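Put together the whole structure using the sequences plus the hints.
Note that the sequence shown covers residues 655 to 1011 in the numbering used here.
These are computed hints drawn from the structure, not numbers from a lab. Just to be clear, a hint being listed does not mean it is correct.
[To be verified] Derived lysine-lysine pairs resembling BS3-like cross-links, with alpha carbons at most 27 Å apart:
id, residue 1, residue 2
1, K869, K705
2, K865, K832
3, K841, K895
4, K705, K841
5, K970, K703
6, K705, K840
7, K999, K867
8, K782, K832
9, K869, K832
10, K949, K705
11, K785, K970
12, K976, K785
13, K923, K794
14, K703, K782
15, K782, K794
16, K832, K821
17, K879, K955
18, K999, K678
19, K921, K895
20, K955, K841
21, K705, K974
22, K923, K895
23, K840, K865
24, K879, K895
25, K678, K998
26, K970, K700
27, K841, K821
28, K705, K785
Remember, it's a predicted structure, so these values are computed and weren't measured experimentally.
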Amino acid sequence: MEDKTHKSNISISNILYIIKSDQKKMIQFIIAFAIVGIIISFSIPKIYKAKVMLAPEIPNTSNLTSNMSSLASMIGMDMNFGNANDAIYPEIYPDLMGSMDFLFSLFPIQVHTIDGTINSSYYNYKLKFQKISWWYYPLKWFQSLFNNKGTSKDKKTYQNNAFEPSKEQYDIATSIEKDINCQVDKKTNVITIEVTAQDPLISAILADSVKEKLKSFITQYRTNKARNDLAYMEQLYKEAKMQYTQARLQYASYSDANEDLLLQSYKSKQEDLENEMQLRYNIYTQVVQQLQLSKAKVQEKTPVFTVLQSATVPIKHSNKPKILILLEFIFIGFCLRISILLYKKREELFQKDANCF
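Pasting the structure below:
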């Protein structure tokens, strides 16, 4: 046991001796990596993050549902209020925001920088005004050598088509997806949306726009069937009102024209017109009630979101601190130099270790 401990101590002392003997080159190596770290830290474009927080409210619709169901039963309808299950849960909101349909809906958003030098759509901003680090330029040039062929589709007129996107549109949509982070607290269902951009004002604009787009997507989905039913009932309402108006005018016109006639045939015709008018009126009143129920159902299905935290323009950037990048490169340089040194001196190290025994 003592031999193993002695051997370990000798090995550590040899390593320390080798490192000490290489002190000058070690310092040079660390300084070189420190310079590289400084250059890289100042070459990374600044990014800013804006955040919004939402809480979807779960309204108590039992009273509203009960009232509407009672009214529906009075006119012989079965509206099935409150029986449909919502297929979009807060847990899948991040997946929804990562869909091409959602990402493409963000392309036309108008953004402008805090200094006022850029004012364009979000698509053009991502396409033309993004800053990149200098080491990405050789990579882009190398990729362009292989992307020159088959770019006719990319050069066509810009169309917001999520079904058949061009490669340029797909790349921008993928880049936008990386800039948007959506998290949902499973316990409270609080939705946190964080958007990253290279300008503080743009990050805040996008955070607010993404919030509104998400609310619009969810509202459109949940109220889609109810809105279709409402549109159908509005069409029936127009037709029923027009038919009732025509029947009423026809009855009034016939009654006025034949007011003094006592012939039974005229009275029979008048009764038929009156019955037709009454039938059209009954249909009209029933359609009006159904129309009101359809409007109430749209309101019931419309989700409500409470904004817990609005988007604000960030004051500080969200980049990793430059001093931390510098320390990381110093550590990398130190470890790399030690690895190279121990590899070169491995025979000498093992020879000294063997001589001790």
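Kindly indicate which numbered hints from before are broken by the structure, ordering the numbers from low to high. 3, 7, 10, 13, 27
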